[in-house]
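One-letter residues, chain by chain:
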Amino acid sequence: MKQIQQHKTDVLILGAGIAGIRAAIEAAEQKVDVILINKGAFCQDGAATWMAGNGFQAALYPPDSVASHITDTIKGGWYLNNQNLVKTFLSLGPRVVRDMEKWGVRLTKQENKFYQLPFPGHSFPRSVCGRPGLFLGPEYRKALYRQIKKRKIKVKEDFFAADLLPGPGGIGGAIGLDLRTGAIEAYRAKSTVLATGGFMGCYNFTTANPTATGDGHGMAWRAGIKMMDMEFVQFIPAAHLWPPNARGDIYPYLLWINLHPHFYNILGERFLERYYPEKKEWVTREAAARAIVSEVRAGRGSPHGGAYMSFRHLPLNLIDNFLEKAAGVHYFQKLRDAGVDIRHHAIEVAPAAHYVQGGCWIDEACRTSQKGLYAVGEVGSGGKDGADRLAGNSITFCLAMGLVAGQEAAREAKESTLPELDGRAVERFAQKILAPVKRKGGKRPFEVKRAVRDLLSAYATLGRDETGLKAGLTEIGKIREAYLPSMAAASKAPRYNLDWLDALEVENMIDVAEMVCTSALTRSETRGLHERVDHPEGDPAWMKHIMLLRTGDGVRILTEPVDYSIIRPEKGV
Amino acid sequence: MDEKANVRVMRFDPAKDKEPRYDAYGVPYKGLTVLQVLKYIFENEDPSLAFRWGCDGVGPARCGACVVEVNGAPALACQMLATPEMVLRPHQRFTVIKDLVVDFEKEGDGNA
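Protein sequences appear in the order of chains A and B.
Per numbering that gives the first Met the number 0, the first sequence runs over residues 0 to 572.
Per numbering that gives the first Met the number 0, the second sequence runs over residues 0 to 111.
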């Protein structure tokens, strides 16, 4: 086999989304060498934040306070949050808002103060925003792109990091495939930051980029990193289901926030009233999502398997005023193309995988359970979200803890020497990467991907039960045994081979599916985003985190107590 | 789904090809986006076809990864509904990596 090219760096960052870029900027500020690796094109790759419409949350001015933001986050998280981690990232909220403005993100100001919108679950208007109709996702990426270029940070695009490499007493870098050349390359690093995003692409219906296949989750798991909270996957209740040309669009969620629609089932019943007589459509997102799923299960869903979202109860001029402000919004063009007018017609919406709360265990410095490895963003869980993330907190977390991860990884790099790589490990990983293009026959990798998505979407969605989760685990076992060793890329082309990329992503998806089903089966209660129909109540004995470790003998399931250093739960939680 | 589109796609691997060629595919197109047509070709007709995609059209904003030229005009493949006659080639502004995949960091040399 050809000699594997080895690169050296102080800090290696895997994933150039908002968290990875923020980490790269901060590490570069510490005058260390940084390499930022990305699976796709740099800042033009579908990383989840680039598609964002909204701003993010920070407590900026009295009477709001960081303490209030912390309390809201912990209450929204059903008291299952790692409270110290919550405090760490929310305290940095004001700092990261100012940085983003300084770097050119056009945040709206009035009388020299950031204008902030109210969001459900927040005690004060806290979400910084752009002018109406301006999506902030493209603003973030333009600003962050410029900061990377300005600092001349090395970016390796179209590189699929396949596995973490062992170093002395921990992690010493990563190995993967250069999609542009077909070459396998190893990166030796004094510290490595995982910022690979979530695994929403392991589900069939998602509001996020389907390219989020849990690559960092899989890599970390196989390297024996401690994982946590994998049972908590957020499904957005109001993703667009029908008409079909806007499927997966998140805009109905913005309509929900801005126009307070009513939800109807196929019988024309405003069913949320039946589930939540007082709050009705003002309930939290996961509560609304559960009710929609219950209606669909009971055979009362809308024709395409969701609920009707209607605006007919609002005065026409109120809707028109909103539509006027939103004139340039592409979503409405799609509705017009389909002949749908929200002043008259309901759209259909359904819950879709939106965000994942599970990932690596991290501490307040983004350190994972092994030396030399940091994690941030969705792959860096740390239990920050508890049982349900407070709306608008994730970009705050990515920016704040990206900053921390960059600083800490740079600090460790300065104190360390470059690790020697284990030649045999490098060779073993390289052979694994090459296997799908060496094999003949076998299932195409995209078919295996579909099988994994089908089983997670069937068994590990809203409303789970023991029977389904066990069936899911059995199917995962079969896929792992039957297809993982035999699937083959039909194309053997070395350069930009999508079949080969699919094959490498599949292993991560299988690992993710196993972790999600295992954790969901273990938590025999209903809490926050995790709903067990066979255990519909919360169980006080489950006020703890589920940790997973992959060992030579299989999967170890551990539990750890919740940190109550700031607030203790109210009675009856 | 029965009616087929005539899709001609530019194929070019600068590492081994002297010049681009166009491959023709007859594939379903009704109710599909251009990106869904490309995925159909990759899954059913030609596993060696290279194209970029990212957000797949979700979210309020778009990522832009799937930009190609459809019948001579730049378009996001995930946003554009497919038509019965399509010629797909990479965005002319950028340098081709392979087939429809371009390097957004490099301005094109106009050879595609």
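It should be emphasised that the hints constitute simulated quantities derived from the structure, not laboratory data.
Don't be surprised by glycine CBs; every beta carbon is placed ideally from N, CA and C.
A couple of the hints might just be wrong.
[Unchecked claim] Label-pair ranges, simulated between beta-carbon atoms:
| no. | chain 1 | residue 1 | chain 2 | residue 2 | range |
| --- | --- | --- | --- | --- | --- |
| 1 | A | Arg221 | B | Ala14 | 25 to 33 Å |
| 2 | B | Asp1 | A | Thr70 | 53 to 61 Å |
| 3 | A | Thr107 | B | Arg7 | 42 to 50 Å |
[Claimed, not checked] List time: in silico SDA-like cross-link candidates among lysine to any residue, alpha-carbon distance up to 20 Å:
| no. | chain 1 | residue 1 | chain 2 | residue 2 |
| --- | --- | --- | --- | --- |
| 4 | A | Lys491 | B | Leu31 |
| 5 | B | Lys105 | A | Arg145 |
| 6 | A | Lys151 | B | Phe103 |
| 7 | A | Lys543 | A | Tyr563 |
| 8 | B | Lys38 | A | Arg449 |
| 9 | A | Lys141 | B | Lys105 |
| 10 | B | Lys29 | A | Ala337 |
| 11 | B | Lys17 | A | Phe134 |
| 12 | A | Lys442 | A | Ala481 |
| 13 | B | Lys15 | A | Ala481 |
| 14 | B | Lys38 | A | Lys151 |
| 15 | A | Lys333 | B | Leu31 |
| 16 | A | Lys141 | A | Arg105 |
| 17 | A | Lys333 | A | Phe134 |
| 18 | A | Lys491 | B | Ala74 |
| 19 | B | Lys38 | A | Lys141 |
| 20 | A | Lys439 | B | Glu44 |
| 21 | A | Lys431 | A | Arg221 |
| 22 | A | Lys149 | B | Leu31 |
| 23 | A | Lys141 | B | Glu104 |
| 24 | A | Lys148 | B | Ala74 |
| 25 | A | Lys333 | B | Ala74 |
| 26 | A | Lys439 | B | Glu42 |
| 27 | A | Lys442 | B | Ile40 |
| 28 | B | Lys17 | A | Val282 |
| 29 | A | Lys153 | B | Asp102 |
| 30 | A | Lys151 | B | Ser47 |
| 31 | B | Lys29 | A | Arg335 |
| 32 | B | Lys38 | A | Lys149 |
| 33 | B | Lys38 | B | Asp16 |
| 34 | A | Lys491 | B | Ala72 |
| 35 | A | Lys442 | B | Glu44 |
| 36 | A | Lys491 | B | Asp12 |
Results for each hint:
1. Distance hint check for Arg221 (chain A) and Ala14 (chain B): the Cβ-Cβ separation is about 32 Å, which falls inside the suggested range of 25 to 33 Å.
2. For the pair Asp1 (chain B) and Thr70 (chain A), the beta carbons lie near 59 Å from each other, so the given range of 53 to 61 Å is met.
3. Range check, Thr107 (chain A) to Arg7 (chain B): about 46 Å between beta-carbon atoms, so the 42 to 50 Å window is met.
4. As the CA atoms of Lys491 (chain A) and Leu31 (chain B) are separated by approximately 28 Å, the hinted pair breaks the 20 Å bound.
5. Using a Cα cut-off of 20 Å, the hinted pair Lys105 (chain B) and Arg145 (chain A) holds, with the two alpha carbons roughly 16 Å apart.
6. With a C-alpha separation of about 17 Å, the suggested pairing of Lys151 (chain A) with Phe103 (chain B) holds against the 20 Å cut-off.
7. Pair hint Lys543 (chain A) plus Tyr563 (chain A) holds up; C-alpha atoms about 11 Å apart against a cutoff of 20 Å.
8. Between the alpha carbons of Lys38 (chain B) and Arg449 (chain A) the distance comes to roughly 13 Å, so the proposed pair stays at or under 20 Å and holds.
9. With a C-alpha separation of about 17 Å, the suggested pairing of Lys141 (chain A) with Lys105 (chain B) holds against the 20 Å cut-off.
10. For the suggested pair Lys29 (chain B) and Ala337 (chain A), the alpha carbons sit about 14 Å apart, so the restraint of at most 20 Å is met.
11. For the hint linking Lys17 (chain B) to Phe134 (chain A), the alpha-carbon distance of about 42 Å lies beyond 20 Å, and the restraint is violated.
12. Pair hint Lys442 (chain A) plus Ala481 (chain A) holds up; C-alpha atoms about 10 Å apart against a cutoff of 20 Å.
13. For a cut-off of 20 Å, the pair hint linking Lys15 (chain B) to Ala481 (chain A) is broken: about 36 Å separates their Cα positions.
14. With a C-alpha separation of about 36 Å, the suggested pair Lys38 (chain B) and Lys151 (chain A) falls outside the 20 Å cut-off, and the hint is violated.
15. For the proposed pair Lys333 (chain A) and Leu31 (chain B), the alpha carbon gap of about 14 Å is at most 20 Å, so the pair holds.
16. As the CA atoms of Lys141 (chain A) and Arg105 (chain A) are separated by approximately 11 Å, the hinted pair is consistent with the 20 Å bound.
17. The straight-line distance between the Cα atoms of Lys333 (chain A) and Phe134 (chain A) is roughly 17 Å, inside the 20 Å bound, and the hint therefore holds.
18. Of the supplied pair hints, the one linking Lys491 (chain A) and Ala74 (chain B) is violated, its CA atoms being roughly 29 Å apart against a limit of 20 Å.
19. About 29 Å separates the Cα atoms of Lys38 (chain B) and Lys141 (chain A), which puts this hinted pair outside 20 Å; it is violated.
20. Between the alpha carbons of Lys439 (chain A) and Glu44 (chain B) the distance comes to roughly 18 Å, so the proposed pair stays at or under 20 Å and holds.
21. For a cut-off of 20 Å, the pair hint linking Lys431 (chain A) to Arg221 (chain A) stands: about 13 Å separates their Cα positions.
22. Taking the CA atoms of Lys149 (chain A) and Leu31 (chain B), the gap is near 41 Å; set against the 20 Å cutoff, the hint is violated.
23. Only pairs whose Cα atoms come within 20 Å are accepted, and Lys141 (chain A) paired with Glu104 (chain B) is accepted, the gap being roughly 14 Å.
24. At most 20 Å may separate the alpha-carbon atoms for a hinted pair to count; Lys148 (chain A) and Ala74 (chain B) exceed this at roughly 27 Å.
25. About 15 Å separates the Cα atoms of Lys333 (chain A) and Ala74 (chain B), which keeps this hinted pair within 20 Å; it holds.
26. Among the hinted pairs, Lys439 (chain A) with Glu42 (chain B) is consistent with the structure: their alpha-carbon atoms are about 17 Å apart, no more than 20 Å.
27. For the proposed pair Lys442 (chain A) and Ile40 (chain B), the alpha carbon gap of about 17 Å is at most 20 Å, so the pair holds.
28. At roughly 61 Å between alpha-carbon atoms, Lys17 (chain B) and Val282 (chain A) are farther apart than 20 Å, so this suggested pair is violated.
29. Proposed proximity of Lys153 (chain A) and Asp102 (chain B) is supported: the alpha carbons are some 16 Å apart, at most 20 Å.
30. About 34 Å separates the Cα atoms of Lys151 (chain A) and Ser47 (chain B), which puts this hinted pair outside 20 Å; it is violated.
31. Simply put, Lys29 (chain B) and Arg335 (chain A) have alpha-carbon atoms about 18 Å apart, close enough for the 20 Å limit, and the pair holds.
32. Distance restraint check for Lys38 (chain B) and Lys149 (chain A): the Cα-Cα separation of roughly 37 Å exceeds the 20 Å cut-off, and the hinted pair is therefore not satisfied.
33. Taken as a hint, the Lys38 (chain B) and Asp16 (chain B) pair is broken in the structure, with Cα atoms around 23 Å apart against an allowance of 20 Å.
34. Among the hinted pairs, Lys491 (chain A) with Ala72 (chain B) is inconsistent with the structure: their alpha-carbon atoms are about 32 Å apart, more than 20 Å.
35. For the proposed pair Lys442 (chain A) and Glu44 (chain B), the alpha carbon gap of about 15 Å is at most 20 Å, so the pair holds.
36. Between Lys491 (chain A) and Asp12 (chain B) the CA atoms are separated by roughly 14 Å; this keeps the pair inside 20 Å, and the hint holds.
Consistency with the previously given hints fails for numbers 4, 11, 13, 14, 18, 19, 22, 24, 28, 30, 32, 33, 34, ordered from lowest to highest.
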